[in-house]
Each structure stands twice: as structure tokens, then as C-alpha cells.
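Residue numbers (numbering that gives the first Met the number 0), protein chains in the order written: chain A, 0 to 397; chain B, 0 to 445.
One or more hints might be untrue.
Claimed, not checked - Here are the in silico distance ranges between beta carbons for each label pair:
| no. | chain 1 | residue 1 | chain 2 | residue 2 | range |
| --- | --- | --- | --- | --- | --- |
| 1 | A | G145 | B | E336 | 45 to 51 Å |
| 2 | B | D55 | A | L138 | 34 to 40 Å |
| 3 | A | G363 | B | W225 | 20 to 26 Å |
| 4 | A | N174 | B | D258 | 47 to 53 Å |
| 5 | A | G309 | B | I156 | 34 to 40 Å |
| 6 | B | D165 | A | G145 | 38 to 44 Å |
| 7 | A | T165 | B | K397 | 40 to 46 Å |
If you're looking for bench data, these hints aren't it; they were derived computationally from the structure.
C-beta: ideal position from N, C-alpha, C; glycine also.
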Amino acid sequence: MEISTFVNVMRDSAGIPFYPVVFQGLYVLTWALHAAFVLLALGSMGLSLYGSTQQKSSPYWKILTPHLIMTGKISISILIVLGVAPLLFTQVIYDSGWYVANTLSGAWVFIFIYALVIGYMMYYWYQSANKKGSSSSTLIGIISFGILIFCGVLMHNFAVEAISPTKWMEWYAPNGVIDNAGWNMHLDLIRLGFMVSLMIPVTGIFMQNYTQFLSTRKDFEPKYLEFVKSLGTKLAIFGLLISAVLFALWMQKESLLLHPLSLATVASVVLLLLLAIGNKNSYVTTGILVVVALLISSVRELIRYKIMSGVGYDLYGYPMNLEWETIIMFLLTFVVLGFTGIAFILTMAWKVGKTEGVYTATEGSAVSRLANASLVLFILWIVVYFGWGMVALFKNTL
Amino acid sequence: MDLLGFYPLFYVPEIGSAWLMGLTGAIHIMASHTSVGAAILFAFLAHKAQKENRTDLYDYMKRYGMFLLIFSYVIGSITGPGIWYTATAASPRGISALIHNFVWVWATEWVFFVYEVIGVFALIYFMDKVDRKTHLKLTYTFALASVGTLALIIGIISFMMWPGTDAYYATGSASDAFFGTNTFPHMFLRIGFMIMMSGIIGMIISSAMHKENKELSEELTQKMGWVSLLGGFVTVFFFMWYINTLPANAQALLEMAKDSIIMNRIILAILFSLYFFVAIIKPQWINRTIAITMMFVIGIVGVWPGEKLRETMRKPWVAGQYMYSNQIIGRDVPGKEIKSEVELIAAKGLLTVNPWIPDRLRTITPENKLEVGKLLTRIACSNCHSLEKDGLYRPLIKLAGPMGEEGIREYMKNVIGTGSSPYMPKIALPDEEYDAIAAYIASQAK
Ligand code: HEM
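Construct all of the structure, not just a fragment, from the sequences and the given hints.
Next up, the structure:
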């Protein structure tokens with residue numbers, strides 16, 4: 000059977016409600032966000048495991064370890080919620096690939112969810128055991144870490160299967176005998192290794208930010224901050240070098256080494272390396288890190304686009320039923336309410352982090368104004384929602 | 000070529016893949032409803048604490064919040080995408096239909112989720128790190144964001160039952176699909192349940208505080224009793240309205256099971272009213288063990304059967320009354336240019352239109368007849384029936400086996416094939432495919 004009919008016929012018959020390229024852009028953007036927190040979560044957790052063996056003898060590790068554990072804990076929650084967006088967009092425009100991967104690996108899909116539940120619950124356990132100074136905390140942490148890494152391996156499995164259209168039939172029905180138990184597992188170790196290796200530099204740069212942020216606080220000893228900073232810088236350099244090698248190998252394998260996008264990625268990584276070594280202003284370094292994350296996300300998308308269009312998948316010709324109401328709702332909510340609301344919480348977090356004791360948002364301060372604006376916007380949103388709902392219902396029932 | 004957009008089949012023996020979804024769904028409902036309910040409760044408590052200068056309430060909120068982090072923000076936020084993932088494996092075209100109709104609604108909900116997840120950490124960890132007034136504002140927005148997530152998902156899950164009016168089929172518009180006649184009753188039904196859950200969980204926390212602070216513990220248990228009672232009342236009230244906004248097929252299915260459901264609901268209502276009254280009158284009687292037990296009771300006896308019922312009432316559809324449970328489009332939706340696939344399947348047969356049939360099975364021969372029969376039965380029936388003799392999920396062999404090979408063929412032809420069963424999809428097939436299925440089922444029943 001023609002593989003191009005195959006991949007196109009599985010596109011949803013409802014069509015898509017907006018231009019494919021918009022979903023593609025949102026996918027690249029939101030996956031980069033997901034990945035950033037995956038890497039920060041795994042990296043800070045991994046380092047905290049080492050810290051948990053050092054904290055008895057080293058006063059610095061005694062401060063740093065719980066901070067790393069907390070960073071990991073919050074990052075996991077954030078990576079989960081950020082993962083929802085690319086999950087949504089990928090199955091809008093690449094539904095053929097995504098649903099095939101999920102059905103071929105249905106059993107793993109189920110295991111993924113419960114592994115994540117258990118791994119994350121154990122993480123809370125790890126945190127509390129570490130707080131109590133229990134000697135088994137490292138072991139609990141290692142198991143939790145292992146489970147979470149395993150979740151990443153499963154994610155990677157779905158991603159690889161989704162972009163292997165020429166192998167699908169063989170995986171589903173090896174030698175013509177159908178196997179619908181859903182135990183397919185197919186890995187691409189270089190790609191996976193590269194993705195996971197990035198946790199080292201991301202954590203290193205995070206630690207540079209950590210010290211820069213806390214340097215204004217009187218209650219943190221400068222010596223301690225110096226210790227964290229130099230460790231962070233070492234991790235960033237060492238990690239970037241490893242990741243760079245793996246990236247080159249991966250691009251070589253995909254024959255994309257000289258593609259402008261991968262060259263741009265390499266150039267930004269070199270810049271990142273220089274900035275990390277210099278460590279003048281880690282916030283600038285972080286800015287470049289964001290660029291690198293977006294580039295890597297774009298490279299991933301490029302690979303997928305190449306493979307899928309190579310077998311005749313017509314992404315930009317996906318039948319479209321243009322619809323304005325709901326996209327306007329999304330854009331307004333995302334840009335107006337989302338940005339204001341997140342700005343409120345982050346500004347508040349920033350101030351709290353900078354303050355010893357209680358932070359008070361005075362009348363007219365940024366935090367207070369953002370708080371008021373968020374509250375008004377949320378109320379307005381609910382009012383519009385009910386108004387819209389009633390109009391729609393009356394129109395259709397009366 | 001006459002191919003239809005089927006996906007590979009993921010098949011779980013004995014229990015059926017739908018059961019995996021149901022399990023994840025039931026856990027998620029407990030966690031997510033508690034989370035929204037607790038957000039509303041927090042707004043109320045924080046307001047009270049601020050107005051009456053009750054700083055002791057913050058201590059309670061903090062403990063509640065820590066519990067919430069694990070219960071709702073570990074379990075709830077993972078099982079949320081979890082339902083989606085397992086549904087993807089079990090019913091890819093069903094999920095796809097929802098995604099392609101509602102992608103922007105889901106994306107909007109995602110904005111609220113991000114706010115909630117970052118917000119919950121700020122809410123709990125900044126409780127004594129920012130001034131009370133700012134914290135109160137955060138608590139209000141957090142409650143509104145949580146309610147917002149419900150407001151956004153409710154139209155989608157209501158659409159799974161049915162679009163509510165006929166407008167959607169003509170316009171194909173997400174707004175017409177979203178705001179159906181049962182969207183709002185469904186929403187308030189859930190808000191009631193959320194409030195009740197927040198009280199039920201609240202009693203676990205308050206009763207655990209008994210040792211350190213007896214007075215506060217009892218006062219809060221009492222309050223949680225009132226909260227739960229209020230929530231329970233709202234739930235029951237809107238349940239009755241909700242039932243009346245269901246489509247005819249659901250009403251018919253409900254009718255079949257009505258007596259046992261009503262019995263179950265009455266017993267639950269009495270049991271829980273009693274529990275809440277005890278909490279109000281004799282708060283010292285409620286200890287942590289009882290409170291935790293009651294949480295499990297509501298989950299196992301209330302939510303789980305409720306979920307199974309909702310799944311059953313939706314039959315034979317999974318989405319918008321145009322996508323059948325067994326992944327076949329069963330009606331036209333002109334607004335989206337969607338065409339029914341039933342006729343093409345009747346003319347050509349599943350073996351021709353399904354892209355995932357290995358070539359050696361595309362033509363039936365005496366040698367492969369049983370193997371093809373097995374495959375066709377899995378494709379056409381396994382979404383709603385387990386195929387093992389002692390399977391747990393409407394076991395097909397038990398239901399159809401006694402009819403005998405001839406009987407099964409006739410039943411499929413005259414009942415299922417004509418669409419005359421209220422809860423089964425219309426599955427019309429060429430004769431040789433009926434033969435293969437009947438031969439397979441009969442061979443298994445031996
Ligand atoms: C600890 C948990 C998790 C880890 C370690 C993890 C890690 C990863 C990794 C390494 C990839 C890249 C795979 C590749 O390109 O080879 C990925 C992709 C992805 N992740 Fe996660 N992830 C986790 C949880 C989640 C959750 C809970 C969701 C959904 C809510 C999610 C949604 C996604 C999506 C949609 C993709 C892109 C898949 C594609 O388009 O091919 N992830 N994740």
C-alpha cells in the first residue's frame with residue numbers, strides 16, 4: 000500500500016480549525032518550555048543525590064541540597080503542566096504519527112502515567128526523608144530519579160515511533176501477524192543521550208543564576224555562593240561539551256550537520272559556552288539558553304517535517320475549517336490574562352526571594368498593581384464566559 | 000482507494016482498554032474535584048482569616064495545602080494528561096475528534112493550568128512570606144483560575160455525551176458544540192461535588208489536628224461538615240436537572256439501570272448526610288481513620304460507578320454522537336464536511352477499508368477464516384466487550400455464545416447491522432465478514 004495515502008488518510012476528518020503553521024510554531028515554542036523544565040528537574044535532582052551524600056560533612060552541601068531538591072520538585076510540576084501544550088499541538092497537525100505511536104505502545108502509555116505518579120510521589124518522600132536527615136533518603140531519591148528518567152525514555156519512545164512511518168506496519172504486524180498488546184519500544188540512543196545530557200549544562204546555568212540572585216541577600220555567606228557558582232560554571236562547561244558532541248553525532252546521523260538550523264544551533268552553543276565560562280551576567284547567559292532551547296526544538300521539528308513530508312504527508316494542505324471564536328478566546332486569554340497573571344506571581348516570587356522576612360507589596364507597587372489587574376481580568380473572563388454561553392444557548396434553543 | 004482513517008488497535012485482554020481509562024478517570028475526578036473545591040474553600044477561609052484576624056486558620060490552610068500538593072498536584076495533574084494518554088491508546092479517533100474540535104478551548108484551559116500550578120506553590124510557600132492582603136488576592140485569583148479550568152473542560156466532556164442541540168452539525172462551530180443544553184447543569188453538578196469533596200478532605204486534615212489544638216480541630220470539622228452538606232445538596236439538586244438534559248439513547252440506557260442506580264444514590268445520600276450531621280453535631284467523634292475511610296467510600300461507591308454509568312450512557316458513541324465507540328464515524332456532520340463511514344464499510348467490508356490489515360488476511364480463505372474472524376471481532380466489538388470467556392467487561396462470549404454460530408450471524412445482520420440496538424453501533428458488513436465473526440465467536444464459546 001502507498002504509504003502517502005496511508006499517512007494522509009489518518010488525518011482527522013474534522014480538519015483543523017486554523018492554519019497548520021500556527022500550530023507548528025506553538026508546538027516548537029511550548030516544547031522548548033517543556034524541555035527546559037524537564038532538564039532542570041532531572042539535573043537538579045541528580046545533583047541533589049550527590050549532595051545528599053555530602054551534606055553530613057560539608058556545610059555548603061547542607062544548604063545547597065535541600066534547595067536543589069525543592070527546585071526539582073517545583074520543576075516537575077511545571078514540566079508536567081508545560082508538557083500538555085505540545086501534547087495538544089502535536090496531535091492536531093501530526094495526528095497520524097502521534098496516535099499510531101500511542102496505540103503501538105498502548106501498554107507503555109498506561110505505564111508511563113502510573114510510573115510518573117509513583118516517581119513523583121517518591122520524590123516528595125525523598126524530600127521529607129532528606130529533611131529529617133534519614134539515612135535512606137539517598138536511596139529513595141535514586142529510585143525516584145530512576146523512575147523519572149524511565150518516564151523520559153518512554154516519552155522518547157513515543158517520539159521516535161511517531162516519526163517512523165515506514166516501520167509502522169512491520170511493528171504492528173511483524174511478518175503479517177498482528178500484535179495488539181501495545182508493547183512496542185524503539186529507541187534512538189544518540190538522540191535520547193543528547194536530550195538527557197542537556198540536564199547538566201541547564202543545571203549549571205541555573206546555579207549561576209542562583210548565586211547571582213542570592214548575591215544581594217545578606218543572610219547568604221559569600222563563600223557559599225562562590226562555591227555554588229564555581230560548581231555551576233564547571234557543570235555548565237563540562238555539560239555543554241558533552242552535549243555538543245552528542246548533538247554533532249545526532250545531526251550527522253540525520254544528515255543535517257550542515258543544515259543552517261543546526262549550524263545556528265552550534266554557533267549559539269559556542270556563544271553559550273563563552274558566556275558560561277565568563278559568567279559575568281548569568282541572566283544574559285540564560286537568555287541565550289532560551290534561544291538554544293528554541294533552536295533545538297526547531298531542529299526536532301525539522302527532522303519530523305522532513306521525514307513526514309518525505310513519505311508524502313501534506314502538512315500544509317491539512318483540510319481546514321477556519322474558526323475564529325475559540326482562537327480569539329485562546330489568544331486573548333493567553334496574552335492578556337496569562338501574561339498578567341504569571342507576571343504577578345513571578346514578580347511576587349522575585350520580591351519574596353530578595354527579601355529577608357515578610358515582603359509587603361505597598362499600594363502602587365508593581366506586585367500590587369499586577370495583583371489587582373489579575374483579579375479584575377479573571378472576574379471579567381468568567382463574566383464573558385457565562386455571557387457567551389447564554390447567548391450561544393439561547394440562539395440554539397429558543 | 001477506499002481507505003478510512005483507522006488506527007492500529009490496542010487491545011487489553013480480560014478488562015478491555017476502556018477499563019484502564021475508567022480507572023485513571025475515577026482517580027483523576029477525586030483529585031481534580033478536590034483541587035477546585037479546595038481552591039474555593041481557601042478563598043473563603045482566607046477571606047475569613049483576614050476579616051476576623053484569625054491567624055490560626057492559616058495554619059490549617061497550610062496543612063491542607065501540603066496535602067493538596069500531593070493529592071491534587073501530583074496525582075491530579077498527572078492523571079489529567081493520563082486520561083488523555085490512555086484514551087488516546089484506547090480510542091484514538093475519539094480523542095482526535097475532541098482535539099480537532101476543541102483544540103483552542105484546551106489551549107485556553109492550559110493557560111489556566113499553568114497559572115494554577117505556579118499559583119499553588121506561591122499560595123502555600125508564601126503564606127507567611129508576603130503580606131496578608133496580597134496573599135488574599137492571590138487566593139482569590141487561584142480560586143477563579145480553578146473554576147475556570149472546570150468551565151473550560153465541562154463543555155468538552157458534555158460534548159462527549161452529545162452536542163446538546165443540532166446547531167453543531169450544521170455549523171461545525173466549537174462554540175455550538177461546547178455550549179449544549181447539558182453543559183451548565185453538568186457544570187453546577189460538578190461544582191457541588193467539588194465543594195463536597197473539599198469538605199470531605201478538609202475533615203481528614205482537621206481531625207488530624209485534634210491532638211495539638213482540640214478546639215480549632217473541632218470547630219473546623221464542624222465547618223467542613225456544613226461545607227460538605229452544602230456541596231452534597233447542590234450536587235443532588237443539579238443531578239436531577241442534569242438527567243433531564245441527556246439525549247434519548249442515554250435516557251434509554253439509564254432506564255435499564257435506573258432502579259439500582261437510584262438505590263445506590265439514595266443509600267449514599269443517607270450515609271453521607273449522616274456523616275456530615277455527625278461532623279456538625281459531634282465533631283469530636285470524627286477521627287482521621289473515619290475521615291480517610293469516608294474518602295475511599297465516596298471514591299469506590301460514588302465516583303467509580305458514576306463514571307461507569309457515564310461511559311455506558313454514552314453508548315454507542317464516544318464523541319458528539321458522530322463518532323462510535325468502535326472508531327467508526329456513524330453520521331454526517333455537514334458543518335465540518337464529515338461523512339458517515341457506515342455505508343462504505345457495509346459495501347466494501349472492514350478488511351478492505353482498514354489500512355492496518357496485513358495483506359495475507361485481506362481475503363478470507365477457509366484456512367484463515369478464524370484468524371480473520373478474531374481480528375474483525377477485535378476491531379468491531381472489543382471497544383465495548385472483552386473477548387475472553389471470563390472477561391470482566393461485558394464479556395462477548397457469554398452474551399453471544401449461547402446464540403450459536405447461525406444465531407450470532409442473524410443477530411449481527413438483523414440487529415447490529417441495521418442499527419436497531421440502542422446501545423450498539425450500526426455495524427453493517429458484507430456477508431463473508433459476518434460469517435467470519437460468527438465462526439470465531441462460536442469457536443470460542445465451545
Ligand atoms: C518526568 C516526566 C517527563 C520526562 C522526563 C519527559 C521527557 C521528555 C523528553 C526527553 C522528550 C523528548 C523525546 C524525544 O524527542 O526524543 C519529551 C517530549 C515530549 N513530552 Fe515529555 N517528559 C515527561 C513528562 C511529560 C508529560 C507529563 C507530558 C504531557 C503532559 C509530556 C509531553 C511531552 C510531549 C508532547 C513531547 C513531544 C513528543 C513529540 O511531539 O514527539 N511529557 N519529554
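Against the structure, the hints:
no. : hint                         : result
1   : A:G145 to B:E336: 45 to 51 Å : 49 Å, holds
2   : B:D55 to A:L138: 34 to 40 Å  : 38 Å, holds
3   : A:G363 to B:W225: 20 to 26 Å : 39 Å, violated
4   : A:N174 to B:D258: 47 to 53 Å : 52 Å, holds
5   : A:G309 to B:I156: 34 to 40 Å : 38 Å, holds
6   : B:D165 to A:G145: 38 to 44 Å : 53 Å, violated
7   : A:T165 to B:K397: 40 to 46 Å : 42 Å, holds
Hints 3 and 6, counting from the list given before, are not met by this structure.
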